[in-house]
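K.L.:
Using the sequences and the hints, build the whole thing.
Protein chains: 2
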Amino acid sequence: MLLLKNEKLRSMYRTHTCGELRSTNINQEITLAGWVQTIRKFGSITFIDLRDRYGITQLLIGEELNALLNENPLGREFVLQVKGIVSERSSKNANIPTGDIEIKVKSFSVLNKSITPPFTVQDDTDGGDDLRMKFRYLDLRRNEVKKNLELRYSVNRAARNYLHENNFMDIETPFLIKSTPEGARDFVVPSRMNAGQFYALPQSPQTFKQLLMVSGYDRYYQIVKCFRDEDLRADRQPEFTQIDCEMSFVEQEDILNMFEGMIKSIFKQVKGIDYAEKVGRMTWEDAMWNYGNDKPDIRFDMKIANLKSAFKKDGEIIATGELINGAGFGVFDNAETVVAIAVPNCSEYTRKQIDELTDWVKRPQVGMNGMVNIKCNVDGSFKSSVDKFYDEEKLKAIASFANAKAGDLILILAGTEERTRKAISDLRLELGQRLGFRKKDELKLLWVLDFPLFEYAEEDNRWVARHHPFTAPKPDHISVMIDNDPLIENAAEYLKHPYANIKANAYDMVLNGNEIGGGSIRIFQRELQEKMFTALGMSKEEALHKFGFLLGAFEYGAPPHGGIAFGFDRLCSILGGSESIRDFIAFPKNNSGRDVMLDAPSTIDEKQLKELSIQLNVQ
Amino acid sequence: MLLLKNEKLRSMYRTHTCGELRSTNINQEITLAGWVQTIRKFGSITFIDLRDRYGITQLLIGEELNALLNENPLGREFVLQVKGIVSERSSKNANIPTGDIEIKVKSFSVLNKSITPPFTVQDDTDGGDDLRMKFRYLDLRRNEVKKNLELRYSVNRAARNYLHENNFMDIETPFLIKSTPEGARDFVVPSRMNAGQFYALPQSPQTFKQLLMVSGYDRYYQIVKCFRDEDLRADRQPEFTQIDCEMSFVEQEDILNMFEGMIKSIFKQVKGIDYAEKVGRMTWEDAMWNYGNDKPDIRFDMKIANLKSAFKKDGEIIATGELINGAGFGVFDNAETVVAIAVPNCSEYTRKQIDELTDWVKRPQVGMNGMVNIKCNVDGSFKSSVDKFYDEEKLKAIASFANAKAGDLILILAGTEERTRKAISDLRLELGQRLGFRKKDELKLLWVLDFPLFEYAEEDNRWVARHHPFTAPKPDHISVMIDNDPLIENAAEYLKHPYANIKANAYDMVLNGNEIGGGSIRIFQRELQEKMFTALGMSKEEALHKFGFLLGAFEYGAPPHGGIAFGFDRLCSILGGSESIRDFIAFPKNNSGRDVMLDAPSTIDEKQLKELSIQLNVQ
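Just so you know, the sequences run in chain order F and S. According to numbering that gives the first Met the number 0, the residues represented by the first sequence are 0 to 618, in order. According to numbering that gives the first Met the number 0, the residues represented by the second sequence are 0 to 618, in order.
One or more hints might be untrue.
In this list, chains with the same sequence are indistinguishable; a pair is considered to hold if it fits within one copy or across any two.
[Stated by the list, open to error] Here are the simulated DSS-like cross-link-like pairs (lysine-lysine), alpha carbons at most 27 Å apart as the crow flies:
id : residue 1 : residue 2
1  : Lys443    : Lys7
2  : Lys146    : Lys224
3  : Lys473    : Lys7
4  : Lys393    : Lys302
5  : Lys404    : Lys443
6  : Lys146    : Lys438
7  : Lys302    : Lys312
8  : Lys112    : Lys539
9  : Lys82     : Lys40
10 : Lys112    : Lys502
11 : Lys539    : Lys133
12 : Lys530    : Lys112
13 : Lys606    : Lys539
14 : Lys294    : Lys277
15 : Lys277    : Lys263
16 : Lys7      : Lys270
17 : Lys145    : Lys224
18 : Lys267    : Lys443
Bear in mind the hints are in silico, worked out from the structure with no lab data behind them.
P.N.:
Encoded structure:
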């Protein structure tokens, strides 16, 4: 990360940084500036570790300066400038690059003092989360956090370099745009000059990048802040950063190749990792079928066996439960969905261990009523919690269907489709974690393809866009969309509506079970875009009011185009081996959307409100 | 600008771009995709110029496809994909890189149609400003605009490369911050989750970059959007982009060297210009004295001669008017300021020409009551519009003082200090323009230094920060600031207050008479920062409420630091040889702050207002 072009780091305050002096510099007269990391007194001499961004250098303050030091006692985090001679250390420190030398200080001056920090500025700090956020400027001094921001910068740099080499152009799109709430809420900005009117902050530069394609810019990118006014779940931020890209005259295959290249290039430039293998591809249906979610962690196997399912695969509802139905076990008979995983080499789990897992799936976050297990004993026999309904032969058949080997433990969940599928997915990930299958240092990429274009919204009995309204259907599904009425006449049978089978020309990039990027080939024909707006329940007037500029642009020769956006914060946090994106943002907000350091948001003056032609309406 | 790494530009839609085929490609079978620029029919064959971002290629559609062409008539801006054979042209076009070849089309397909654009998509468009802004996506297709955005990207890239090589780190600062209106108005964002409270959009990342220095990041940069809710003068935008930088352990000299290096590197990388000479430096006083403004265009001389002035230079009011006073010419006798310029080789201007110039200075934008002239005839004699007050000897003395040569025309303005100084500066620039002294292709940099730290605000009889409240005084003026009470007891004599003489440790970079960057060494001591807030009339409570986090940070070992911000839009427009920054912004706003393409700002739903706990209050 560090570019040690030392000459460039010289300034009026220093001849060198605290990270660069070596034994080759011995006897040189130098000047350093930095922070006091530690002070150690030994009789009449004092050792100080002086820190700056680039490293730590040991200072030796001898007897002759001791009086001065007593007059001006130093403390941790004081800012010092010292002049002295580089000398060989008597006891070398092999742990730091400057460990062979120390500075015999000839003179020093205190550039600034420090009161005692509210927590220790060290890797293992004693500061709690709230305190560290309030004093973020001190937290940012910790090596841990600094490393994260350096990694973030190097990801930024690597992405830009790759995109530049591939002829992408960074084009800035506006931040004060029009509010077109669609899915997430917009942050809005009252306009003083246009009383009663509001700008919105962009949730993404989506329509602008499409316009740039219409304008012929061919390849666009931006590393750009986006804004969503959502209730913040843990690890969401109201402002977040995207690597936002768009290309013209491309099909899905072009995008997959280009951005698989980008991520590999980032791995290489940032982590030195050669990710040589082609990134795997999986359809959304297979992901849901085999892993229970649309961003499978494929660092480990443990695929789901669908014993019974209402989930539609290849256009049909399959897995109707031949293996388990009719044995008199009501829980399975009455369930919409019954799913199993075979946990490797866990057949000897104790009653206590299994009870603990059962409690785990019963927690409200998972929400199951219970869990059935089948132990595939090493000796080839089977033992199950539902022995009384299923004989050995049936257990064997189920085990075989679940790809269980002797020694595995089969866990089975039953219930409604969506919740059960999510629960088995959670259980799989939890066990993967516990069993050490999810290795931090293993990076495993996956493309998930062929998402449904629409999702069914029960409350309004209509279709909503799964990705966004600009995503194109698969080429051979376009006519299905054009030729059919989006109206759902029989809500109970929405799955039979032709729209339920339309696949999107969309793709997500998944890294270690996290969606790090997603995009699509876009609609570029006015007629199809209008049909899409209609399908989403938007009137012609509303569509024109919100997206008239885009519909207009499509009339003047819009090229086929598509793109992708990567969640920059998340990508950095995974590459940095952390669970939390906050650790990779210099000044993050807390879960109430507050910056506790600034104390923002805050009230504003009556005068400001008046100028903006608004007033408060707090209930 | 273009990176012709052709292999990388291939896609499922094209084997090559419209800019790359040469005679070496003759006989190859290729596929192109792009826009129809022109169609020329010659009997049964048709020539089409196909355009994409990379260039233009001529297509030849022969007789055999003519029927197809008649069935599917093409039009301008249609999007085509063609397959064909690269062939040698019979009449070559030396003006374009692909001019040696054409494509014998074997098949084509229309990817999208276009209705007739509302203006011609060409360099000399017939579209007016409003129309082009409404259809910005078409305007952006014009080569002229595309060149500007390409230049912008290359400036972006050059700046980043230079800063990266010098160990600066791009660190993103937040957009949803706290409103601390100081000078310009903030745009604010109502917080839904914190009812009655507001975020503000940053006018600059000023305090954040200072905190990053306190955190030890040593060298920071960002190319970042900033926001100011000001009444828009021509060529101002509510959102604009800065190259924002900060360094620790530096003095002014370090910053000047570093960023003079950056600009020179941009000149070199973007324009191929070697700007070898050291950038000149001028004090603010000298700039005001000799050029009448703080961003002198030094591409030409024509310095101002101060015949009489109330302007304080070197701490004293000088030029008290010995040369002109007491001659009975009331206009000069009663004026606060009398200033002259010698216009080279214009002594033979006619009455009409001089009247026209007099009218020019009488326009309300300049606001003078009249203009006096002295013709320094080639024969050594003088002729003046105020002959009756000043004899030949006096005219000669004035001419000598104004550095006029035989053949020059001296123009003299008189009036109140501020207006007259601005007027002579405007007149100097106007004449420089008319006489061809301000050459577009000549780039002339200048550092302006030693600005006053404070300006006097008459309405409140108090001091305001000339730059911003974080700018440090010159080191030897710190004690003047600490030791004196900022209170101005006698408003009429504010110039005698010690604060009037405090110089800021600040610097502006000027390019061809435009301020392209400005910055300062910052205050880094809590005590001095508090004194500054007091000097600006802020109570202790207000200072803590607004900037408590910064004052707090200064207590934990803040290093000496300073920085600079460049106006990215302006820098690009000057390098692009344009007067208008709007030409260098992909989606600019008009002078009412509106995006006419989007029709933003606009009204929002009652539901949105309610969720945000605000209501309209339009008078």
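K.L.:
Each of the hints needs a verdict: does it hold here or not?
P.N.:
Here is how each hint holds up against the structure:
1. Lys443 with Lys7: between (39 Å within a copy, 25 Å between copies)
2. Lys146 with Lys224: both (22 Å within a copy, 26 Å between copies)
3. Lys473 with Lys7: Classified as between; 25 Å across copies, 54 Å inside a copy.
4. Lys393 with Lys302: Cα proximity of Lys393 and Lys302: one copy only (20 Å, versus 102 Å across).
5. Lys404 with Lys443: Cα proximity of Lys404 and Lys443: one copy only (25 Å, versus 79 Å across).
6. Lys146 with Lys438: Within one copy only: 21 Å inside a chain, 48 Å across chains, cut-off 27 Å.
7. Lys302 with Lys312: Close inside one copy (16 Å), not across copies (82 Å); limit 27 Å.
8. Lys112 with Lys539: Classified as between: cross-chain Cα gap 22 Å, same-chain 66 Å, threshold 27 Å.
9. Lys82 with Lys40: within (20 Å within a copy, 81 Å between copies)
10. Lys112 with Lys502: between (63 Å within a copy, 26 Å between copies)
11. Lys539 with Lys133: between (49 Å within a copy, 21 Å between copies)
12. Lys530 with Lys112: Between. Shortest inter-copy distance 18 Å satisfies the 27 Å Cα cut-off; intra-copy 66 Å does not.
13. Lys606 with Lys539: between (40 Å within a copy, 21 Å between copies)
14. Lys294 with Lys277: So Lys294 and Lys277 pass the 27 Å test inside one copy only (18 Å; across, 57 Å).
15. Lys277 with Lys263: within (10 Å within a copy, 43 Å between copies)
16. Lys7 with Lys270: Classified as both: same-chain Cα gap 25 Å, cross-chain 24 Å, threshold 27 Å.
17. Lys145 with Lys224: both (21 Å within a copy, 24 Å between copies)
18. Lys267 with Lys443: within (14 Å within a copy, 42 Å between copies)
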